[in-house]
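A.B. asks: So you can see what is in the structure, the chains are spelled out below.
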Amino acid sequence: MNVRESCPYCGKMTDMQLVDGVWKSKTCDCGKDLAALANSVPELIEEKPDLKAKAEVLP
Amino acid sequence: MFEGTVENRVTSLTLVNNTAKEVLFTVPAGERWMLISAKYTNPDDVNRAVTLELHKEAAKTNYIKKYQSGTVNAGAIQQYPSGALANTTQNQSAIPYELLGAGNTLRLYFAAGGASAGGTDADGIVITVLKKAARGAE
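Chains as they are written, first to last, in the numbering used here: chain A, 1 to 59; chain B, 1001 to 1138.
Since the hints were derived computationally from the structure, they do not count as laboratory data.
Where a beta carbon is used, it is the ideal one built from N, C-alpha and C, also for glycine.
Among these hints, one or two may not hold up.
As the list claims (entries may be wrong) - Chain B regions said to be covered by chain A (calculated; three or more residues, Cβ under 8 Å):
hint, region
1, 1003-1011
2, 1023-1034
3, 1118-1132
With the hints as constraints, model all of the structure from the sequences given.
C.D. replies: Listed below in structure tokens is the structure:
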């Protein structure tokens, strides 16, 4: 496996798994499910332009 | 120079309350990577100091160089190369197309940022490389 991440519980490096083209967390050797941890914290919503908004009129 | 396969190594990223995070990308045996770019997000609600650097092997015994380090604001994105001037002499400014051999390991380190809600981003890290086959004994 060539992508690894640190486990926030035990601090050791653990393998990530390739799922549908994306490297994702899985269960660490210490038994903690890091994928479940990802679901327990807020998801970042990246700002995207509102294409339906009215164009601003410059003064 | 540009023979090979372009790969976007999309990686989910989860940061938790006041805890450092490290993600390693190791070039597999039989491959060489030309590093084209690296994008990383801070999905947390506090600023994080982030470092992108290169080690000779996955065990990180031998440190080769630092590409970039700096503060990434909450919810913000940083990328390498950025075209911006390096803010310390230890940073490598925009010199793309770095050739990495089998075993070389990119390390992305998010320092702890204090009390926070944590956060996750499905494409928090994207390492773009040109994947090539290894040639001869290396």
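A.B. asks: Please go over all the hints and tell whether each is borne out by the structure.
C.D. replies: Hints versus structure:
With 3 residues having a beta carbon nearer than 8 Å to a beta carbon of chain A, the region 1003-1011 of chain B meets the requirement of three or more and the stated coverage holds. Residue count for the region 1023-1034 of chain B with a Cβ under 8 Å from a Cβ of chain A: 6. That meets the three needed, and the coverage hint holds. Given as covered by chain A, the region 1118-1132 of chain B passes the check, having 7 residues with a CB less than 8 Å from a CB of that chain where 3 are the minimum.
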